[in-house]
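Student: Here the protein sequences line up with chains A and B, keeping their order.
Residue 134 is where the first sequence starts when you use my numbering, and the numbers rise one by one after that.
Residue 1027 is where the second sequence starts when you use my numbering, and the numbers rise one by one after that.
Bear in mind the hints are in silico, worked out from the structure with no lab data behind them.
Take these hints with a grain of salt, some might be off.
[To be verified] Cut-off 25 Å, straight-line C-alpha distance, at most; resulting in silico cross-link-like pairs (PhoX-like, lysine-lysine):
| no. | chain 1 | residue 1 | chain 2 | residue 2 |
| --- | --- | --- | --- | --- |
| 1 | A | 160 | A | 184 |
| 2 | B | 1084 | B | 1094 |
| 3 | A | 184 | B | 1084 |
| 4 | B | 1094 | B | 1075 |
| 5 | B | 1095 | B | 1138 |
| 6 | A | 177 | B | 1075 |
| 7 | A | 177 | B | 1121 |
| 8 | B | 1138 | B | 1121 |
| 9 | A | 160 | B | 1075 |
| 10 | B | 1075 | B | 1121 |
| 11 | A | 204 | A | 184 |
| 12 | A | 195 | A | 184 |
[Stated by the list, open to error] Here are the simulated distance ranges between beta carbons:
| no. | chain 1 | residue 1 | chain 2 | residue 2 | range |
| --- | --- | --- | --- | --- | --- |
| 13 | B | 1038 | A | 213 | 22 to 32 Å |
| 14 | A | 160 | B | 1072 | 26 to 36 Å |
| 15 | B | 1081 | A | 218 | 34 to 44 Å |
| 16 | B | 1056 | A | 231 | 35 to 45 Å |
| 17 | B | 1082 | A | 147 | 45 to 55 Å |
| 18 | A | 197 | B | 1094 | 36 to 46 Å |
Keep in mind the model is a prediction, meaning the values are calculated, not measured.
Glycine included, each C-beta is placed from N, C-alpha and C at the ideal position.
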Amino acid sequence: NAGVMQNPRHLVRRRGQEARLRCSPMKGHSHVYWYRQLPEEGLKFMVYLQKENIIDESGMPKERFSAEFPKEGPSILRIQQVVRGDSAAYFCASWDRGHGDTEAFFGQGTRLTVV
Amino acid sequence: AQSVTQLGSHVSVSEGALVLLRCNYSSSVPPYLFWYVQYPNQGLQLLLKYTTGATLVKGINGFEAEFKKSETSFHLTKPSAHMSDAAEYFCAVSKAAGNKLTFGGGTRVLVKP
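Isolated chain A (complex conformation) (with noise of 0.2 Å):
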C-alpha cells in the first residue's frame, strides 16, 4: 500500500509563472488536508477537501491559491502568478474516516522555489 505521494518533489518557476503540486493520498482515503511550512517556520494548515468537495479553506490565502481534489484523480494545489515569497515546502496528508486511524498521513513534501 503506497503512502501518500507527492510531485514533484522540487519544482522551481519564475515570477509570475503558475506552480501545480500534485497529490495522490493514500489508497482508499477520500480526505486530504495542504498545509505549507515557510522556511524556519512550523507548518500552516491551508485547506482541507474531501472528494469533489471544499470543506475548509480558512487557511488558503486570500488570491492566486486554489485548490481542487476530482473524483478520478490527485488533489492539485495551485499557485497563480507566483512571487518570491510563495517559496516554501508544501505537504500534503490523506485520511479516512472508515480506517480507524486518528491522524492523517503526510507526503515528502513539494519544495517550490520561486526565483
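Chain A is fixed; fit chain B onto it per the hints.
Tutor: Positioned in the frame of chain A, the structure of chain B alone reads:
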C-alpha cells in the same frame, strides 16, 4: 482557536544525554496531541500521539511524552540522545480524529558527540 507553543527553537544536547522538548497547547476541547520528526528535506514522521487513556505515551526511537492536562503540556523526552536524533521536532494538536493539525514552531535538535 487552538495554539501550540514550543519553548526553544534550538536545543543542543550531548550524545547520551537526556532530550527534553517542551510543548504547551491551548484547546477548547480535549485535544489530540502529536509529536512529529522531520529530517532535512524530508516529510513528517509521526513519533507518538495521545488521544485518550494512559497519559504517558511511548513512541518510536525511544521517545515518550506525557500529557498533563493541568499544565496543558505534552513534553517529549528521550533518556539518551543518539546522533541520529538530530532533526526538527514538531508538536501538534487537533480537536478530533482526522481533524486539521495546528503545529508549533518546531524545535531543532543538535546532538554533539
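Student: Now look at each hint and say whether the structure bears it out.
Tutor: Hint by hint, here is what the structure shows:
| no. | hint | result |
| --- | --- | --- |
| 1 | A:160 / A:184 | holds, 13 Å |
| 2 | B:1084 / B:1094 | holds, 15 Å |
| 3 | A:184 / B:1084 | violated, 34 Å |
| 4 | B:1094 / B:1075 | holds, 13 Å |
| 5 | B:1095 / B:1138 | violated, 33 Å |
| 6 | A:177 / B:1075 | holds, 19 Å |
| 7 | A:177 / B:1121 | holds, 16 Å |
| 8 | B:1138 / B:1121 | violated, 37 Å |
| 9 | A:160 / B:1075 | holds, 23 Å |
| 10 | B:1075 / B:1121 | holds, 13 Å |
| 11 | A:204 / A:184 | holds, 5 Å |
| 12 | A:195 / A:184 | holds, 22 Å |
| 13 | B:1038 / A:213: 22 to 32 Å | violated, 42 Å |
| 14 | A:160 / B:1072: 26 to 36 Å | violated, 19 Å |
| 15 | B:1081 / A:218: 34 to 44 Å | holds, 41 Å |
| 16 | B:1056 / A:231: 35 to 45 Å | violated, 23 Å |
| 17 | B:1082 / A:147: 45 to 55 Å | holds, 51 Å |
| 18 | A:197 / B:1094: 36 to 46 Å | holds, 42 Å |
The structure is inconsistent with the numbered hints 3, 5, 8, 13, 14 and 16, although it conforms to all the rest.
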